[in-house]
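If you're matching them up, the sequences are chains A and B in order. The numbering used here numbers the first residue of the first sequence as 21 and each following residue consecutively. The numbering used here numbers the first residue of the second sequence as 4 and each following residue consecutively.
Calculated from the structure, these hints are not laboratory results. The structure presented is a predicted model; accordingly, all values stated were derived computationally and were not measured. Heads up, a few of these hints could be off.
Among the chain A residues that face chain B by a calculated CB cut under 7 Å, a handful are [unchecked claim]:
1) 37
2) 39
3) 43
4) 47
5) 50
6) 131
7) 134
8) 156
9) 297
Yeah, the Cβ is synthetic: ideal placement off N, Cα and C, and Gly gets one too.
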Amino acid sequence: MTATTPAGVSTAVESPPGGGWLSVLAYWMAVYKRVWKGTIISSFLAPLAYLAGMGIGLGSLIDSGERTAVEGVPYLAFVATGLLAAQAMQTGVGEATFPVMGAIKWHHTYEAMLATPLRVQDLVRGHVVYAAIRVATTVGVFAIVSIALGALSGWGVLGAVVFAILGGLAFAMPVYFYSCRVRSEQGYNVLSRFVIMPLFLFSGTFFPISQLPAWLEALAWVSPLTHAGALTRAAALGPGSPFVLDLGGYLLHIAYLLLWAVGGYLLGVRALRSRMGA
Amino acid sequence: MIKAVGLRKSFGDFTAVDGIDVEVAPGESFGFLGPNGAGKTSTMKIIGCTSPASGGTIRILGMDPASQASKIKARLGVVPQEDALDADLTVFENLLVYGRYFGLPRATVRARAEELLEFAQLVDKRDEIVEKLSGGMKRRLTIARGLINTPQIVLLDEPTTGLDPQARHILWDRLFRLKREGVTLVLTTHYMDEAEQLCDRLVVMDKGRIVAEGSPRALIAEHASREVLELRFDVADHAERAADVEGIGARVEVLADRLLLYVENGDVALEQVTARGVHPMSSLVRRASLEDVFLRLTGRSLIE
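Throw the hints in and build the complete structure from the sequences for me.
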């Protein structure tokens, strides 16, 4: 990019002298270091409760002998892969709601950051990376618990974790955009009740969406969580399961998630810029 | 250091800054004095490159905020009205985190942070969580934070608003030290005593415009008198007693609760008042201040 100075001389626009997104990430990590103990318990206990209750409890009821409720895989493995993606969604959304509103509105963190050489896009990038790290930790713990309980096994789980992170960002970034626009935390009640909760239930986490009426099944494919779940299942349950994907299938799901993540990021930068009056 | 010509800022139909010219010289301590809503903070945000001007031109350190905001900000220290500290982090961590926003090497930031703890008299609070600090300490930390990049210009928006008198004096003392070190200070305030204490030169702002400019002393000499005689009467409306003292001194100002007489010598004026057979409930002789300048220029008090 170039700019024209009043003297009419064309010059390259500043390469910013600031600490960039890395210094923003350093801020969020410093804050996280203060509160991580509280989050580690919930990120460990929540999946344990879900897996034990839904996977083992419900699973033993609906899987009988040779015939499994979801064709081709034990219900525990089915639900573990679904929850892996859902857990990523929850964490991604969580990190893009209250912390962002706090930084904009309550603690004036962003105002202080923008008084330094940092640019609006540095703020958003730093937060994306932070959200990705938080999602990775939660999903990583979930994967380890799943393996320990015998729900999942093999190197495919690692791939599933990577896809879950991508899915988490496909939620975090649009929600970040939402946070830049919303005026009060009331907006998050709407988000959680009318968007996140229905998606959690109807994106194939607990049952295949083919069980849904045709119109609802079509609608479920709009949800990024459906695509994230398809990817985690393909990676972790792999060949020999009904969830196997060919290369084209992988690419299609990945592209759809990227669309949400990148679109949310771009809108987020614009919305934050106008919110901060910069 | 700063040069603005015809600077304007509007939000929709509302004009916050209405064509002001400002020039700040290196090492100068410059103030914007005015009541809330006069356009001081809007002006500061333009200088701080966080809010673009709607019109006019401005150069800061010779650069244009429209194209070189980050470069300018790298050399500014900003102390906003709201402390905006990271309440969950320690005092020292606040300085470290902020220093990194400037892209400064970790070791440089550490060394500078230790120096600034000393400067802000917060050495024994180094590892305290910020939430537990007093208002005055938080304010000093905010100033220390604004100095982490060794700025050439420090912008202070209402630096002592909300602090108790003792905390204010500690803060003024710190700001004096900065000034002695040759740092250019630009501050806004609606406290006349603060403006008199800290500013070499100031502009009085009202409704987005500059209504007067000069050193505090020159402004008082020009727009007020040497002394002020304040008279209180036991009446509902002080306007009805204004005629009784008319002609004593240069001017009479009627306030809701008292009359102000602008005079050369307050004690002599008071004798003249009693000689006329006028007996106020109470009287006070004081030196004229910027408050009187503001009253003269706008017909209103600074703090309402």
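- Message: Could you work out which of the previously given hints the structure breaks and list their numbers from low to high?
- Response: 8
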